[in-house]
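From first to last, the protein sequence lines are chains A and B. Using my numbering, the first residue of the first sequence is number 1, and each one after it goes up by one. Using my numbering, the first residue of the second sequence is number 1, and each one after it goes up by one.
In case anyone wonders, no lab produced these hints; they're calculated from the structure. The beta carbon of each residue, even a glycine, is placed where N, CA and C say it ideally should be. Do not rely on the hints blindly, as some may be mistaken.
Stated by the list, open to error - Taking CB as the label site, the calculated pair distances span:
1. B:L255 - A:K228: 27 to 37 angstroms
2. A:R203 - B:L255: 37 to 47 angstroms
3. A:R9 - B:M165: 20 to 30 angstroms
4. A:E151 - B:F184: 54 to 64 angstroms
5. A:G50 - B:I45: 41 to 51 angstroms
6. A:G50 - B:Y26: 43 to 53 angstroms
Letter by letter, the chains look like this.
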Amino acid sequence: MSSAAEIARQTQQREIRNRWLLSAPALLIIFFAAIGPLFVVLAYSFMVKGDYGDVKFGQYSLDGWFSVFFQRDIFDDTLTLADAHLSIFWRSLKLSFFTTLLTLLLGFPTAYFIATRPRNTREIWVFLVTIPFWTNLLIRTFAMQQVIRNEGVVNSVLMWTGIIDQPLQIMFTDTAILLGMVYVYLPLMILPLYASMEKLDFRLIEAGYDLYAGRLQVLWRVIIPLVKPGVIAGSILVFIPSLGAYVIPRVLGGGKNLMLGNLIELQFGAGRNWPLGAALSITLMVIVMVALLFYVRNAARSGAQHG
Amino acid sequence: MVRRRFEIRTQPGFAFLALVTFFMLYLPIAVLVVYAFNASDSITIWGGLSLHWFRVAWNNSAVQDAAWRSLIIAVFAATFATITATMAALATTRTPPYPGLTFKYAFINQPLMVPEIVTAVALLIVFSRVKVWTGYSGLGYLIAAHTAFCIPFAYLPIRARLESMDLTLERAAADLYATPWMAFKRITLPLLRPGIIAGFMLAFVISLDDVVITEFVKSGGQDTLPTYMLGQIRRTVTPEVNAIATAFLALSVILVTAFFFINRQKN
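Turn these sequences into a full structure, and let the hints steer you where they fit.
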């Protein structure tokens, strides 16, 4: 005969088991078609590259990781830093940083503008941000291409007004990639900023003015500290996909201005160096994880502050 | 002298920058759409208003194939993702914390955390092996991959909906001798419906939009509409691509608008 406590414990055990069974299909699909393959990538980064792509199974080497940072001269066997890779790393970091900065500079006033509209029109402004957000990324990139190409709207207007007499070569430059990323990721900045500004307590701003603060002081010392979680969330949401961007640099940057995503693809295509591609993928993932950890720590801290 | 009231909510220049931003957000889309209606053969010269390129795209068998394939993958992936996400949401809400609960959250949201290009090459590596081993190279791989990254999107609104429902009604049903399955079918499911619809629509749009993972996973001749367009953009561009993009855009706008109104009704 079992006691009441024993029965309760058994019921609870069964309940937990049922909950595991219920979530099993989702967990299994994600394991087989998303998480599991990442471990295979990790394993591949330590294998010997095959002659025509793929790897030689069971033969291990650190060459993949080695060639992320270094290259061996084919004639005299000397070691040098892999300038090409490092410059692509640098371009990715630089462009992602400026994308985040520019989307913040445009997104902050926009989110504030929406948050200070009357309640009934606010929804419509948010909706106007949501539409580009849900529009296919490739279509938006293609749309940007049509604006900035040599015969595009920007150049036509500038030439028509006589400001320039030769079209500006924007396509296939870093500027094109930057413009494309700012355009594509702007909604990712505006939406979380708006979410935190919507909750802004305007009595605090009024108190600031009552205490003789100027407009700028109120902005810097009251508004920005209050919406900091939104600023961090928006920045992370923009920075991470920028770093892994693949379609935008491929369409707007042409063949020369590669970013990390394109460098990775190259190793699985023409480069035929899968271990290097795998090592680069893991590197990109580690950078993203570090950025996410930074975000989680900050979110936890500001969560603790504001209760 | 009348002094203008001091408006505490405004910041100088913010409204202007906001309007510039909205202009920036819509200018490229507007250009794209306008040129889809261009009668001329090139995207650079305006030849008057016409539906010519829509007709060309409509009659292009490659476009038809790609559109069908996109639709089939999206329907299957969104359906699988919604069913499994609903089950997972039921298993992870309305419960005191139990061992593994946080693990499940992290696991389900994982596809959102990894850069798409990394998932894409990971799937390329694994599926290219599996294709050799099994000899099967059909749409199953694309559907599996899409299902996996759609699950977190379907899960979010369903979980949100469940968290706003308490267990009172289900308990009442149990008191009235309803079996758990009956209670689920007659109480939980109808109440959960808006969340499930929202989840399905999100998953559907996400699947339809995917470029990167599809580009790496697809076998030869398995282009979806986005990968077909990606291929076309690299070649010489005619307004046909604009027409396809505009039709695609219209579909997204309809879905998002429907989503917006469903959500608004709920509140």
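### Task
Determine which of the earlier numbered hints do not hold for this structure and return their numbers in increasing order.
none
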